[in-house]
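Undergrad: Using the sequences and the accompanying hints, generate a full structural model.
Counting along the sequence shown from 1, when you hit position 77 you're at 77 in this note's numbering, and nothing is skipped either side.
Watch out, some of these pointers could steer you wrong.
Pairwise CB distance ranges, derived in the manner of DEER restraints [to be verified]:
{"hint": "1", "residue 1": "72", "residue 2": "132", "range": "32 to 42 Å"}
{"hint": "2", "residue 1": "136", "residue 2": "174", "range": "29 to 39 Å"}
{"hint": "3", "residue 1": "178", "residue 2": "143", "range": "46 to 56 Å"}
{"hint": "4", "residue 1": "142", "residue 2": "174", "range": "39 to 49 Å"}
{"hint": "5", "residue 1": "80", "residue 2": "156", "range": "21 to 31 Å"}
{"hint": "6", "residue 1": "156", "residue 2": "121", "range": "15 to 25 Å"}
{"hint": "7", "residue 1": "6", "residue 2": "177", "range": "40 to 50 Å"}
Pairs of lysine-lysine residues, derived as PhoX-like cross-links and limited to a Cα-Cα distance of at most 25 Å, are as follows [unchecked claim]:
{"hint": "8", "residue 1": "78", "residue 2": "174"}
{"hint": "9", "residue 1": "125", "residue 2": "78"}
{"hint": "10", "residue 1": "170", "residue 2": "39"}
No lab work stands behind these hints, which were simulated from the structure alone. Glycine included, C-beta positions come from ideal geometry on N, C-alpha and C.
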Amino acid sequence: MSSLIASGLPFVYFMLVASLTPGPNNVMLTASGINFGYKRTLPHILGVVVGCALLLLLVVLGVGAAYHAYPPLQLILKVLGSCYLVYLAYRILTASGVGLKEEREHASRPIRFIEAFGFQFINPKAIVFFITAVNILPDERSLFERCLIAVIGSSLVCMLSTHTWTFFGKLLAKLFRNDRTRLIVNVLLALLLLATIPMMVR
Numbered sequence: 001m002s003s004l005i006a007s008g009l010p011f012v013y014f015m016l017v018a019s020l021t022p023g024p025n026n027v028m029l030t031a032s033g034i035n036f037g038y039k040r041t042l043p044h045i046l047g048v049v050v051g052c053a054l055l056l057l058l059v060v061l062g063v064g065a066a067y068h069a070y071p072p073l074q075l076i077l078k079v080l081g082s083c084y085l086v087y088l089a090y091r092i093l094t095a096s097g098v099g100l101k102e103e104r105e106h107a108s109r110p111i112r113f114i115e116a117f118g119f120q121f122i123n124p125k126a127i128v129f130f131i132t133a134v135n136i137l138p139d140e141r142s143l144f145e146r147c148l149i150a151v152i153g154s155s156l157v158c159m160l161s162t163h164t165w166t167f168f169g170k171l172l173a174k175l176f177r178n179d180r181t182r183l184i185v186n187v188l189l190a191l192l193l194l195a196t197i198p199m200m201v202r
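TA: Here is the structure:
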């Protein structure tokens, strides 16, 4: 068991460094932490963790090859992912607590588990990243062991990164308590989320 853990450390380190950097998931979690707090963001967190683990498992099993082999699929995912990020940027702007119109506040809610889960599968940047990540898995291990390292390693790393960015959002909420400053922060986060689209589709 100790040798299995040791052989998976390079993969875990690679995942850790990449997952802590700003990206669509982390921007959305920060915004949710600001506007809804930790408890209401928990389904969002779990959706990201489970979605990433399942997507990575599929890539280890060889599904990732279909993404490279079928260019129309790449285009479809890029369009869907981009449109969804635009929608989520709008959601951030209309989040409760930013001081916008009452009807928009009532329409606002945290991202659900299924929404966060599904986004992982229309995020081409995540798919390409996971295809790269699986190359770091130890070749000498069996397919089962590689899947085990991928699922457990990615789940632990995702739990750490998602909680880090959510609690960062909670910290920002304490620093920016009034509606005006909260609105400014949400506008900046929405713009930052839109700025990730070119990175995702290139």
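Undergrad: If a hint holds in the structure, say so; if it does not, say that too.
TA: Structure-based check of all given hints:
1. 72 x 132: 32 to 42 Å: Since residue 72 and residue 132 have Cβ atoms about 22 Å apart, the given range 32 to 42 Å is violated.
2. 136 x 174: 29 to 39 Å: Hint holds: Cβ distance 38 Å, inside 29 to 39 Å.
3. 178 x 143: 46 to 56 Å: holds (55 Å)
4. 142 x 174: 39 to 49 Å: holds (48 Å)
5. 80 x 156: 21 to 31 Å: holds (29 Å)
6. 156 x 121: 15 to 25 Å: Holds: the Cβ-Cβ distance is about 21 Å, inside 15 to 25 Å.
7. 6 x 177: 40 to 50 Å: holds (47 Å)
8. 78 x 174: Violated - the C-alpha atoms of residue 174 and residue 78 are around 36 Å apart, more than 25 Å.
9. 125 x 78: Answer holds: residue 125 to residue 78 is near 9 Å, not above 25 Å.
10. 170 x 39: Holds, at about 11 Å.
Consistency note: the structure conflicts with the earlier hints numbered 1 and 8.
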